[in-house]
Amino acid sequence: MSNGVLHFEDVTVGDTAPVRHHALTRTDLVVYAGASGDFNPMHHDEVKAKEAGQPSVFGHGMFSMGLLGTALTDYVGIGNVRAFGVRFAKQTWPGEDLVTSIVVTSTRIDGDDHLIDLDVSLANADGEQKVVGTATAVLPTRD
Amino acid sequence: MADDELAQLIGTPTGRSVITVERGHVATFATAVTDESPVYRDPRAAAGAGLAGIPAPPTYPFVMENFGRYPELQPDDQPAGNPVVTALGPLLAKGGLILHGEQSFTYHRPVFAGDVLEGTGTVVDAYRKESKGATMTFVVVETVWRERETGDEVCTSRMNVIHRV
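Going line by line, the protein sequences match chains D and W.
Note that this note's numbering gives residue 136 to position 136 of the first sequence, counting from 1, and the numbers run on in steps of one.
To get this note's numbering, take the position in the second sequence, counting from 1, and add 143.
For reference, chain D alone in the conformation it holds in the complex:
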C-alpha cells in the first residue's frame, strides 16, 4: 500500500484493493513498446493496424497485465507477489478507461508463510473484462 504496510491479520476474505483507473493513450503503448521490446506494429502503427482490419492500434496484453500488477503491488506490497496469472479476454483500445478489480478470495498459512489468494481483473468503464486471473501474495504479520 502506498501509505502503509498490509499485514496478514488485517485481511479478510472479500476485502478489495484500492481501484486503479487508467485512461489508455497511444503514448502509453509507445512507452510500453520501448520498455518491453515488443514492436508489433499493431500496438503503435495506426496505418498498419487499419490495413490489418483493426479500427486503430490496440494495447499490448502485457501492458494490461502490467497495469493490473501495479494495482496488485500497491495493495500487497512490492516484492510480496508469489504467483500472478491471467487470461487475455479482449483487446484494449486507446480512449478506454481501464479499471482494476482485486478481491481477496482466501487467507491461509503454509509453513512459515502467511498467504492470501486474490481474484484480479481489468475491465473498461462498461464492465467489459479485458484481463482475468488470480494472484497469491505472502504478507508480513504484526508480531
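Hint data in this document are derived by calculation from the structure and do not stem from the laboratory.
Quantities reported herein were computed from a predicted structural model and do not represent experimental measurements.
Each hint should be verified, as a subset may be incorrect.
[Said to hold, decoys possible] Derived DSBU-like pairs: lysine-lysine, alpha-carbon spacing no greater than 30 Å straight-line:
1) K90(D) - K50(D)
2) K275(W) - K90(D)
3) K275(W) - K50(D)
4) K272(W) - K237(W)
5) K50(D) - K272(W)
6) K237(W) - K275(W)
7) K48(D) - K90(D)
8) K237(W) - K90(D)
9) K275(W) - K48(D)
10) K90(D) - K272(W)
11) K237(W) - K50(D)
12) K48(D) - K237(W)
Place chain W on chain D using the hints.
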C-alpha cells in the same frame, strides 16, 4: 503440422539465455506499467520496504530476455532452431493471427537490479482445438529463471500462445 507432430514438440527446449538485470531498465519498465513507486528507483526506498535490492515489477520476467542479453554471457550449447517458430511459422505463413492467450508467473523471490539470471525455456504443452469454425493451435512455453551463480530458482514464466485461422 499434424497433431502427432504437434505433440512431439512437448518437452523440446526453446533456448537458454543469460541476462543481466539493469537498474535503468527496471525503472523504465516501472514507468511503462504506470508505477511511480520510489522502491523501483531509489535503493533507500527499496531497503525501507525490506528488500535486498531494487526489485523489478511482477511482469518484468516476460520482457527481461530482450534486454541485458550480452553476447559474451550466452551459453554455447543452444538448441538449433526455436520449436515455437517451427510450430507456428508454417501456420502463420498460411494466414491467421498469433495471439497471447494466457500468461502466468510464479516467484521464489523478486527479480532484483544487478541479478545475473539464466533462463531455460521448454515447450510444456502443444495441442489443437476446433472452435466455432476456427482452428486454434496452442503452444505453451515455460521459462525457468535461475541465478547463474547458484542455480537457485528465482521465477518461472508460462506463456500460452494461440494461432487462430
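Here's how the hints hold up against the structure:
1. K90(D) - K50(D): holds, 18 Å
2. K275(W) - K90(D): This hinted pair holds, its Cα atoms lying about 17 Å apart.
3. K275(W) - K50(D): This hinted pair holds, its Cα atoms lying about 25 Å apart.
4. K272(W) - K237(W): holds, 17 Å
5. K50(D) - K272(W): holds, 29 Å
6. K237(W) - K275(W): holds, 19 Å
7. K48(D) - K90(D): The given pair, whose Cα atoms are some 20 Å apart, holds under the 30 Å limit.
8. K237(W) - K90(D): Holds, because 24 Å separates the two Cα atoms, which is no more than 30 Å.
9. K275(W) - K48(D): Measuring from Cα to Cα gives roughly 27 Å; hence the hint holds.
10. K90(D) - K272(W): With Cα atoms ~20 Å apart, K90(D) and K272(W) stay inside 30 Å; holds.
11. K237(W) - K50(D): Roughly 21 Å separates the two Cα atoms, so the pair holds.
12. K48(D) - K237(W): Given pair K48(D), K237(W) holds - Cα atoms ~19 Å apart, limit 30 Å.
Taken one by one, the earlier hints all hold for this structure without exception.
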